[in-house]
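Visitor: Using the hints provided, position chain U relative to the given structure of chain Y.
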Amino acid sequence: MMTAAVTAPFWSLSSCSLLPCQGRMQWKRNEKKRFSRKVAFITAGFELKPPPYPLDALEPHMSQETLDYHWGKHHKTYVENLNKQIVGTDLDGLSLEEVVLLSYNRGNMLPAFNNVAQAWNHEFFSESIQPGGGGKPSGYLLRLIERDFGSFNDLLERFKAAAASNFGSGWTWLAYKANRLDVANAINPLPKEEDKTLVIVKTPNAVNPLVCDYSPLLTIDTWEV
Amino acid sequence: MAIRSLAGRRTLTGLKETSSRLLGFRSIQTFTLPDLPYDYSALEPAISGEIMQIHHQKHHQAYVTNYNNALEQLDQAVNKGDASGVVKLQSAIKFNGGGHVNHSIFWKNLAPVKEGGGEPPKGALGYAIDTHFGSLEGLVKKMSAEGAALQGSGWVWLGLDKELKKLVVDTTANQDPLVTKGGSLVPLVGIDVWEHAYYLQYKNVRPEYLKNVWKVINWKYASEVYEKECK
Numbered sequence: 001m002m003t004a005a006v007t008a009p010f011w012s013l014s015s016c017s018l019l020p021c022q023g024r025m026q027w028k029r030n031e032k033k034r035f036s037r038k039v040a041f042i043t044a045g046f047e048l049k050p051p052p053y054p055l056d057a058l059e060p061h062m063s064q065e066t067l068d069y070h071w072g073k074h075h076k077t078y079v080e081n082l083n084k085q086i087v088g089t090d091l092d093g094l095s096l097e098e099v100v101l102l103s104y105n106r107g108n109m110l111p112a113f114n115n116v117a118q119a120w121n122h123e124f125f126s127e128s129i130q131p132g133g134g135g136k137p138s139g140y141l142l143r144l145i146e147r148d149f150g151s152f153n154d155l156l157e158r159f160k161a162a163a164a165s166n167f168g169s170g171w172t173w174l175a176y177k178a179n180r181l182d183v184a185n186a187i188n189p190l191p192k193e194e195d196k197t198l199v200i201v202k203t204p205n206a207v208n209p210l211v212c213d214y215s216p217l218l219t220i221d222t223w224e225v
Numbered sequence: 001m002a003i004r005s006l007a008g009r010r011t012l013t014g015l016k017e018t019s020s021r022l023l024g025f026r027s028i029q030t031f032t033l034p035d036l037p038y039d040y041s042a043l044e045p046a047i048s049g050e051i052m053q054i055h056h057q058k059h060h061q062a063y064v065t066n067y068n069n070a071l072e073q074l075d076q077a078v079n080k081g082d083a084s085g086v087v088k089l090q091s092a093i094k095f096n097g098g099g100h101v102n103h104s105i106f107w108k109n110l111a112p113v114k115e116g117g118g119e120p121p122k123g124a125l126g127y128a129i130d131t132h133f134g135s136l137e138g139l140v141k142k143m144s145a146e147g148a149a150l151q152g153s154g155w156v157w158l159g160l161d162k163e164l165k166k167l168v169v170d171t172t173a174n175q176d177p178l179v180t181k182g183g184s185l186v187p188l189v190g191i192d193v194w195e196h197a198y199y200l201q202y203k204n205v206r207p208e209y210l211k212n213v214w215k216v217i218n219w220k221y222a223s224e225v226y227e228k229e230c231k
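Protein chains in written order, with the working numbering: chain Y, 1 to 225; chain U, 1 to 231.
Bound-form chain U, shown alone:
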């Protein structure tokens, strides 16, 4: 009787999930675009509302959509035992999945000034920054320099090496997440230096973007992550 009532359901997804359960296949977990915890224009004048809207609604959304597609295809290839198909999908997964991961962190790394954006870190993270880089200014100078020097598209990161228990500054290319530079690296602050992150406002002057973005960096979130990982 249960099967009759299931068969009566019109929704395709309901049928698919049920048949998946009956046949023992798990359906894959897909992803959705996370909401921003602030308005698009809330980070002005450091980052324009136009950039925030396009960056979130177009770029990040595209990564999410393409990531979900790649995961679907991966699921099918895995179930079919198509080894070369699985391997072929890896670059799309790394790129789009990385894009989703990185941007999800990025939105939390930013905050409007009136919600603490730009306020220097205190507590354990502040102390660690002073120890490793001399001062917050020293860290900012180093990250801005590395971000400006990055060729092509990528990210500049402040990360915590969980094993060595130290802060590191590093860059990644394209949408590679920070873990591709080291399995024990935890991203604390990431700054997107793809042209789409700044061009509409700062044009080709990436250093100017890097000078201003610090005014909206959310050190509270970075401190939370740091303290959680340091426990």
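Next up, chain Y with everything else stripped away, as it sits in the complex:
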């Protein structure tokens, strides 16, 4: 049965809450409780990871100047401000994903969310693109794409349409949705193989699909810069 792939506008769903749920988030929370936070450890703060290629390697598709600003200024500022914001707080010492999820706070975002989510998004974006990239996916991913979108070209068309219609600042994602219904804060009580699909997701500003327990596969930054 071909599952119709959904361009999931979950952003219009008002709260996509962090319920005890299937998937990796549950495991991470339990792990946190086992370790005593009283043990003194050095918090190094988050580092600005450079993209895994030189800044001029994406020419002519993306100029070095773009990467200089995008990584060297925007991404750097997010990381620096994030470190300043969370040092000494409860969020200090956690992984980037944990801070994203905790500061999302079920839609009632804490001040750190903007910086941490943008830091995560930009790091993910750096890895979503590469010199000599492009082409087509293969193997299992291609089969899933063909199952959920019909064909690779259909995916491209839907993705481009979604990105072009993502008003204002935001990101457009290809993500893997497992065990979740299309309705926010609903856990699928009878998860089936058909529920696991690829989806295209549009998010506003700094939000990313981690907050809804989707697994992002790739992203395009649709902020103006």
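Read the hints as simulated data drawn from the structure, not as lab findings.
None of these values were measured; they are calculated from a predicted model.
Errors might be hidden in some of the hints.
30 Å max Cα-Cα, derived DSSO-like pairs, lysine-lysine [claimed, not checked]: (1) Y:K84 with U:K203; (2) U:K142 with Y:K84; (3) U:K220 with U:K58.
Covered stretches of chain U, as calculated for chain Y (at least 3 residues, CB under 8 Å) [to be verified]: (4) 44–57; (5) 151–160; (6) 173–182.
Interface residues of chain U toward chain Y, partial, derived using beta-carbon atoms under 10 Å [to be verified]: (7) S91; (8) A92; (9) K94; (10) F95; (11) N96.
Here a beta-carbon is modelled for each residue, glycine too, at the ideal position from N, C-alpha and C.
Guide: Relative to the frame of chain Y, chain U by itself:
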């Protein structure tokens, strides 16, 4: 005989309007890009000519074009009784229509220095600003701070609350017009803090843009709007 002469007309629009009139449908009012009352380079060095040209000819024009398209589609959906089609169009209308409304105000909010840009407001508005914010500097500081802190894309506004008869500073996201924050709010001064409004010149340093834009703000227009609404 009138119908024969109408049928003889070659222009499609003429025929469309006439048949609309005959059938009793009103054709929708579309919008055009307003002209700027100054040259693109007239606001330098506060805002570069390059930005003004792209902002006006590309961004604002795109909002106008897409707004007109959305209105056409809305008209068709309304006439067909397509309720879900009508609702689906709302976000495109809000975004593009808002973009047109906001930018039309913005061009009037700016003026070259030699035409009074940057000159502090006098009269009723000047007095109201001093009363509500202590001084013009106080207002500028507040608006610049809120504009700099706005996440993503949006606008920072000085508005008049018609009902409460007071000035307010507020922000809106994306292209939401000020009325979405309150039905009685009238925009007096709006500053576009989308990246396209400043990036080519100020790069990522939005606060620098917000420091300099005040040098070309047209307080005369804001005063006119204020006095009109206060009557």
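Visitor: Each hint should be assessed against the structure and marked as holding or not.
Guide: Hints and how they fare:
no.	hint	in the structure
1	Y:K84 with U:K203	holds (23 Å)
2	U:K142 with Y:K84	holds (24 Å)
3	U:K220 with U:K58	holds (27 Å)
4	44–57	violated (count 0)
5	151–160	holds (count 4)
6	173–182	holds (count 3)
7	S91	holds (7 Å)
8	A92	holds (8 Å)
9	K94	holds (9 Å)
10	F95	holds (5 Å)
11	N96	holds (9 Å)
Violation of the numbered hints given earlier is confined to hint 4; every other hint is satisfied by the structure.
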